[in-house]
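Going down the list, the sequences are from chains S and A. Per this note's numbering, the first sequence starts with residue 1, numbered consecutively. Per this note's numbering, the second sequence starts with residue 1, numbered consecutively.
Read the hints as simulated data drawn from the structure, not as lab findings. Take the hints with a grain of salt, since some may be wrong.
Unchecked claim - Label pairs and their calculated CB-CB ranges:
(1) Ala42(S) to Arg334(A): 34 to 40 angstroms
(2) Leu184(S) to Glu187(A): 43 to 49 angstroms
(3) Arg55(S) to Glu306(A): 35 to 41 angstroms
(4) Ala79(A) to Asp96(S): 43 to 49 angstroms
(5) Asp412(S) to Gln296(A): 29 to 35 angstroms
(6) Ala79(A) to Gln212(S): 42 to 48 angstroms
(7) Leu184(S) to Lys190(A): 22 to 28 angstroms
We put the beta carbon where it would ideally sit given N, CA and C, even for glycine.
Number of protein chains: 2
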Amino acid sequence: MSLNDMGRAAKDAAYALATAPTAQKNNALSVIADELADNQAAILAANHKDIEAGRKAGLPEAMLDRLLLNEARLEGIIADVRNVISLDDPVGSEIDCRVLENGMTLSRRREPIGVIGVIYEARPNVTIDIASLCLKTGNASILRGGKETFHSNMELVKVIQTALEKTGLPAASVQYIEKPDRELVSELLKLDQYVDMIIPRGGAGLHQMCKQNSTIPVIIGGFGISHLYVDSSADLQRAPDVIVNSKIQRPSACNALDTLLVHRDVAASLLASLVPVLNEQKVSLVATDEAMPMLQSANDVRAAGEQDFDTEWLSNTLGVAIVDDVQEALTHMREHNASHSDAILTNDLAAAEAFINGAGSAAVYVNASTRFTDGAQFGLGAEVAVSTQKLHARGPMGLEELTTYKWVGKADYLPRP
Amino acid sequence: MSLNDMGRAAKDAAYALATAPTAQKNNALSVIADELADNQAAILAANHKDIEAGRKAGLPEAMLDRLLLNEARLEGIIADVRNVISLDDPVGSEIDCRVLENGMTLSRRREPIGVIGVIYEARPNVTIDIASLCLKTGNASILRGGKETFHSNMELVKVIQTALEKTGLPAASVQYIEKPDRELVSELLKLDQYVDMIIPRGGAGLHQMCKQNSTIPVIIGGFGISHLYVDSSADLQRAPDVIVNSKIQRPSACNALDTLLVHRDVAASLLASLVPVLNEQKVSLVATDEAMPMLQSANDVRAAGEQDFDTEWLSNTLGVAIVDDVQEALTHMREHNASHSDAILTNDLAAAEAFINGAGSAAVYVNASTRFTDGAQFGLGAEVAVSTQKLHARGPMGLEELTTYKWVGKADYLPRP
Numbered sequence: 001m002s003l004n005d006m007g008r009a010a011k012d013a014a015y016a017l018a019t020a021p022t023a024q025k026n027n028a029l030s031v032i033a034d035e036l037a038d039n040q041a042a043i044l045a046a047n048h049k050d051i052e053a054g055r056k057a058g059l060p061e062a063m064l065d066r067l068l069l070n071e072a073r074l075e076g077i078i079a080d081v082r083n084v085i086s087l088d089d090p091v092g093s094e095i096d097c098r099v100l101e102n103g104m105t106l107s108r109r110r111e112p113i114g115v116i117g118v119i120y121e122a123r124p125n126v127t128i129d130i131a132s133l134c135l136k137t138g139n140a141s142i143l144r145g146g147k148e149t150f151h152s153n154m155e156l157v158k159v160i161q162t163a164l165e166k167t168g169l170p171a172a173s174v175q176y177i178e179k180p181d182r183e184l185v186s187e188l189l190k191l192d193q194y195v196d197m198i199i200p201r202g203g204a205g206l207h208q209m210c211k212q213n214s215t216i217p218v219i220i221g222g223f224g225i226s227h228l229y230v231d232s233s234a235d236l237q238r239a240p241d242v243i244v245n246s247k248i249q250r251p252s253a254c255n256a257l258d259t260l261l262v263h264r265d266v267a268a269s270l271l272a273s274l275v276p277v278l279n280e281q282k283v284s285l286v287a288t289d290e291a292m293p294m295l296q297s298a299n300d301v302r303a304a305g306e307q308d309f310d311t312e313w314l315s316n317t318l319g320v321a322i323v324d325d326v327q328e329a330l331t332h333m334r335e336h337n338a339s340h341s342d343a344i345l346t347n348d349l350a351a352a353e354a355f356i357n358g359a360g361s362a363a364v365y366v367n368a369s370t371r372f373t374d375g376a377q378f379g380l381g382a383e384v385a386v387s388t389q390k391l392h393a394r395g396p397m398g399l400e401e402l403t404t405y406k407w408v409g410k411a412d413y414l415p416r417p
Numbered sequence: 001m002s003l004n005d006m007g008r009a010a011k012d013a014a015y016a017l018a019t020a021p022t023a024q025k026n027n028a029l030s031v032i033a034d035e036l037a038d039n040q041a042a043i044l045a046a047n048h049k050d051i052e053a054g055r056k057a058g059l060p061e062a063m064l065d066r067l068l069l070n071e072a073r074l075e076g077i078i079a080d081v082r083n084v085i086s087l088d089d090p091v092g093s094e095i096d097c098r099v100l101e102n103g104m105t106l107s108r109r110r111e112p113i114g115v116i117g118v119i120y121e122a123r124p125n126v127t128i129d130i131a132s133l134c135l136k137t138g139n140a141s142i143l144r145g146g147k148e149t150f151h152s153n154m155e156l157v158k159v160i161q162t163a164l165e166k167t168g169l170p171a172a173s174v175q176y177i178e179k180p181d182r183e184l185v186s187e188l189l190k191l192d193q194y195v196d197m198i199i200p201r202g203g204a205g206l207h208q209m210c211k212q213n214s215t216i217p218v219i220i221g222g223f224g225i226s227h228l229y230v231d232s233s234a235d236l237q238r239a240p241d242v243i244v245n246s247k248i249q250r251p252s253a254c255n256a257l258d259t260l261l262v263h264r265d266v267a268a269s270l271l272a273s274l275v276p277v278l279n280e281q282k283v284s285l286v287a288t289d290e291a292m293p294m295l296q297s298a299n300d301v302r303a304a305g306e307q308d309f310d311t312e313w314l315s316n317t318l319g320v321a322i323v324d325d326v327q328e329a330l331t332h333m334r335e336h337n338a339s340h341s342d343a344i345l346t347n348d349l350a351a352a353e354a355f356i357n358g359a360g361s362a363a364v365y366v367n368a369s370t371r372f373t374d375g376a377q378f379g380l381g382a383e384v385a386v387s388t389q390k391l392h393a394r395g396p397m398g399l400e401e402l403t404t405y406k407w408v409g410k411a412d413y414l415p416r417p
């Protein structure tokens, strides 16, 4: 089937999905969960092929571990599908409703976006994850996974499509681009006649490529330098815990702390109590010339170079700089791509508000860790992606962000403009 | 100044605007209104140059009339600016706020999008209109108007920038691309480092060009075939008024009716009472073979060809087709690009809901005219654009749609993921 035919089939499926009752969509999800359990052997066998091929191709162990499915991981995936069943269906809910002076009742009603194209790398759980979130919100999806998990993905999509057919929904509600040709990705990005939104799930290169080439709106996300600014009014006793949590809890995450900014008045005092904890956690420091003398007791510290404060570390490294006040902190953040998650520690209300309003970040925290930026932490029930662009959705995206709205005006024939 | 320099200046201005108090922004708007009045002579003289040039270039009279500024029109523009002052500033308002189980207070706070690029044609009022709406919402704007109104736009932007400087806001809050080179438009569409959103205001060609070439999110809008479906349960006495209003009130508008779909059971009866009114209004009919025999008394009727139901008439022409029921109406609409404004006339609740949920339109009406799709009618206070895409905003866009949101989490140091 050509990509164009897939697009047309997806659009047709989207019409059916858009008006499918929640009970029918939940039933499909329930059957998907059951079928995943019933087909465990086939799925693990397919995944084994991928792992073997990956090993032959010399993929690093960490990568192979990301690709791997086993009984426990498959059970986790199945549990995630059942969790999606339990979430509220946003379709049909109304954002607002008013009665106009002329008597018309005007509301904005949520509905599915339509067809969503998803381009992702490596981990096979994304296949089930995104397919079930799209299905719950009445969207058709066209998936394109990485070649490293080709066999796993094919098996998983087969399970999904079987379940869809069993429950009276079009199999084309979830489609997978099988052919390995790379140009199919470019073609998908220009299939604006049928596809309404593109979600890339992967590295910066993938996002950049989608942004440059897509004629379809793309959800760009996941990048940006995360900063934590310790104001002079901050509680210095409690500050180290928040800093360490932000940096260390999961250094490879996009919301992990990259740069610590400290108010001049409290820099010596804070860093004196912080360095021993950072040493213990094996954190490497990269500091401005001004901060260097305060970090002499650090086990691993070097002077910062030109690019260091523009680097998303994704590791145990932490940048350190001294600033005069919240405005200088904000200026530093502006110059160094603060766009994801940033925090201020302060007990000064004006400083907190200046930071909140002045930071260019999708999520801003007062006296809390940058690590909170997460759909589950935010109580969204699911996380489709984390957007760092400003249109449509920003920050963690839940089910509502997979919907659009239409205006619904109800009158009694007579109102006239 | 290069476009890149303009982008950087706009970004800097956007940071200042983002935290400017509403009073300061309103003051700037007030001074803009005053300066427009004070500089009436210079503005009309500049516009006179454009009109003369247009006349020499052989522009049609209707076009010249669109370009023309006179005292009355300038007064209208000034009144529009004063109206923007009276609107609520959405910046800083919160969309929602919740307290998480761990005690964090989490809200979504509206803030400006940043830098907005606007590409428009002909009418010089757009310059003031979009600049004042962007300014009110704390966004910097980079404007690119049509060459036909170059002198008018330059004069208007000079007035705006003078007013900005007088009120302590950066002049670069509103910038205009002066050089006529067409490639600057393509360059603007790829200035994603600085520009956050592109709004095209013009014909389908301009929108298509932006969609194909922009690496920045674009608000696509204004197109789509508008349908009105008369259900068998409709009040046939009142139907003609709504149909005539939809078609005739302003045939050149994008929400004017293109296609009338009539339920088979009431087709003969409805069309018998409708045709005399359509004759009176000089409406030309384009009908399916099935509808033709019922339209014998029409003054101007012909059989529809292949493309007719895909044509946005923007004139006194109306397509007519007979359908079996609401589902067949929806199928027709799907096949013929219903994406803007569509209406059902019915007294049947199930038919109304089926139509609302099944129509792919930005705005759907029950027993009302398609002409209602308009920011002023919807009580939005201003209309930035009418979006027919599904992301970010759909249908008429007001001030809120010129904002994004950030997540704001406030805690007391202690909550832990």
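Check: So which of the earlier hints does this model not fit?
Finding: Structure breaks hints 2, 3, 4.
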